[in-house]
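Chains as they are written, first to last, in the working numbering: chain A, 325 to 617; chain B, 3 to 281; chain C, 4 to 242.
Honestly, the hints are just simulated from the structure, not real lab data.
Incorrect hints may appear among the rest.
What the hints assert, rightly or not - Where chain A lies over chain C, by a calculated footprint (3+ residues, C-beta under 8 Å):
1. 80 to 90
2. 116 to 126
3. 155 to 163
Stated by the list, open to error - Derived DSSO-like pairs (lysine-lysine); straight-line CA-CA distance at most 30 Å:
4. 449(A) - 110(C)
5. 110(C) - 214(C)
6. 428(A) - 224(C)
Small disclaimer: the values here were computed from a predicted structure and weren't measured.
Where a beta carbon is used, it is the ideal one built from N, C-alpha and C, also for glycine.
This is what each chain is made of:
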Amino acid sequence: MFASCADPGSLDGAMWLACYLTSGKHMAFYASFGTVLVLLLVTAPVALACGFAGAVAARSDILPLRWFGRAYIAMVRGIPDIAFFLFVPIALDQGIEWLRHQVKCPDWDLPVRQGSDFVVCPAAKMPLSSAPQWVHEGYGFALAVLAFAVVFGAFAANVLFGAMRAVPRAQIETGEAYGMSGRQVFWRILVPQMWVFALPGLSNLWQILIKATPLLFLLGVEDIVYWARELGGSKTSAFSYPHPDWRLYYFLALLVFYLLLTHVSEMVFSRLTRRLSHGQATLAGDALRKAQA
Amino acid sequence: MSCAQTFHDYALRSIGLGERLLPRTDFTLCDQFVLIGSGMLWNLYFGIAALAMGFFLATAVALGRSSQSWPVRKASEWFIFLFRGSPLFIQFFLAYQAFVLLPRVGVDIPLGVATISVQTSWLTKAWLGAVIVLFLNTAAYSGEIFYGALRAVPRGELEAADAYGLAGWQKFRRITWPTLLRLAWPAYTNEAIFLFHATALVFFTGFPAWRQEGDALYYANYFADKTFNPFIPYPIFAFYFILLTLTVITVFGRINRRLNRHLAPSERSRLKIRLPLVR
Amino acid sequence: MKPAIVAATILTVAAGAASAQSVIRLATEGAYPPYNLIDDSGKVAGYDVDVGDAVCAHAHLTCEWVTNDWDSIIPNLVSGNYDAILAGMSMTEEREKVIDFTQNYLKPEPSSYVAASSDVDVKHGVIAAQTGTIQAAFVQESGATLVEFATPEETVAAVRNGEADAVLADKSYLVDYVNEDPDLAFVGEDVFLGNGLGIGVRQSDTDLRDKLDAALAEMKKDGSLNALIDKWMPNSEHF
């Protein structure tokens, strides 16, 4: 970073620290905070979409679909999320490659599982082995997002399912009395009204999602936990900046980061709740009206 | 090797009894079922120990949060904020890093008749260190739940207690606490389920596995890495956890019925199967 | 398995425009100096990395590096996330059941115990080793109590803070720690494990193995491999 950092061995004190904290490795560490935020911002809408589909399936009139929806919702209740994070990316990766293998190489006569090898034809590789590095990285990240979306989609489905039930029956009946079809009632009455009931659950869900992001590290994505461990470990003179075991400090920094993130989110959500409660026929809405009067 | 033999060798492998070496090749379904099941002993131990201790601290934290005294209230609020606001994963890492820095000494605790000598180095072992983290973590989450329930205790019941001349500890023990528990129980059941799920994280964070003795996920991951086939060990792991979750729901449901037995049937709060899912 | 796909250096030891060949992806751990490490600019470096670059140049292959956690490095090779492993990996019978190795690019190296006091009993004490290494398997069989850690650095940290009595790892890795920390010393006798380091490839990938093998043979003949040994592993045997 600074020109004077060319020879770290000759530095000491604050200058050494300044050079140390701006080394290429540290820059990668700072960038990984961005990775975490991007994951959060990408996963949230995908999970919400999964949740919406799950909730709709659980309310469906078609029996198998309803079973599927209910089973999906019940799934995260019984099984720890970390098991999904370990399982889903591998299963998806092998599943996608297997499907592409069936489509692209129908005359391939070798078995896909040879002993412990999982071999598909080169054209079925995901991503193709000739793809540039960023495609590989993007693919790994996308698998991680999907794993998160599957788990948090089930949480969201539970919240939305509850919220749909909480919409007053009279509202639905009024819609029907106006001669709306089932589809119209769903989109024009139920969906617009359910959000205020879903908000407390969704805000809680967002907090859980934040607190699950360090698990990215287990998926092999180079996130902040990966770099904190890598940078914090003691370094011998094989490295330009030798130092003893500093992992405690790096993890303290991560703790502060997460506390800030959850705290800020909480403030934003409480504002949002206030705004959404405005004019609603709920206790919170009444309180707002009284406060203004 | 027959399955009975495998069971004999590995059923208690996770706590150091039985065959010393883990199976290396030719993994049978039986191997995987037995070893992953063996690992569940750790998950059970972590969960039960943390819940049993956390319950009491949670009550104290809830009372602290509603205390009149400013320092007590602030301390409780910060405790809850610290443990609910950060990922458990980071808490494990941080706790392990902090525990290994403690000086290694034995402390003798006189207990009247006997003296136990306690080693600070035990803190770096999962059986104590991880339990402490889980204990503080669940105390913070349950403390928040109990605090909410405490504020929801009907005023009428407290006034009735006053009218009967109950005060202080007696009033708390006989009136406030049972009602608080009754109100908090559905949410607390949910917390218990999540805590058991959280026990699967222990050996994936700072705490190292000794003599390859780990929890269910440790063994499931061992098999997945050795066989390169995730489709067998993880579903087995999931199967065990679903059993565990159902057991928790049954046990807590029984307690819930007991907490509600004095009420008229129409007023009983049934432990709904569709509990609020989120922590 | 775990799609541990991570950027490292993209190396264009280009085979020119002549071959439109696909890129060979090489995996390393990046946490085991001097074999492989991530240097302070964030790039992979070390003996494995220099050997890999040279082999690719000799074989006219376009190669790029990825880093991957040690515990999933073989599974990820097998499932095709990359094509070869150069990660200070010793050739063992157990690994050869799963993947293929080229000829060795380093002769069998001693593994050593390092402890914070000289009176440690390495046969019965608590010995730290990295998960899934030949050293871990050796400790488990030797009768000592094995403590496993995910990264090599943690095994040394465990000895420093008293968590373990000693650590067993490759001598070349430990020697820097012993030289620079007056509290640490070699104890017990060195043990020779494995059949030297080899480049790991999928068993189905015989084509790649033959190419890498030929390149290594060439480098052994022209002395360029010995030059790399001198650069990174001054205590190791020449070919």
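Going through the hints against the structure:
{"no.": "1", "hint": "80 to 90", "verdict": "holds (count 5)"}
{"no.": "2", "hint": "116 to 126", "verdict": "violated (count 0)"}
{"no.": "3", "hint": "155 to 163", "verdict": "holds (count 5)"}
{"no.": "4", "hint": "449(A) - 110(C)", "verdict": "violated (35 Å)"}
{"no.": "5", "hint": "110(C) - 214(C)", "verdict": "holds (20 Å)"}
{"no.": "6", "hint": "428(A) - 224(C)", "verdict": "violated (43 Å)"}
Hints 2, 4 and 6 from the earlier list are contradicted by this structure; the remaining hints agree with it.
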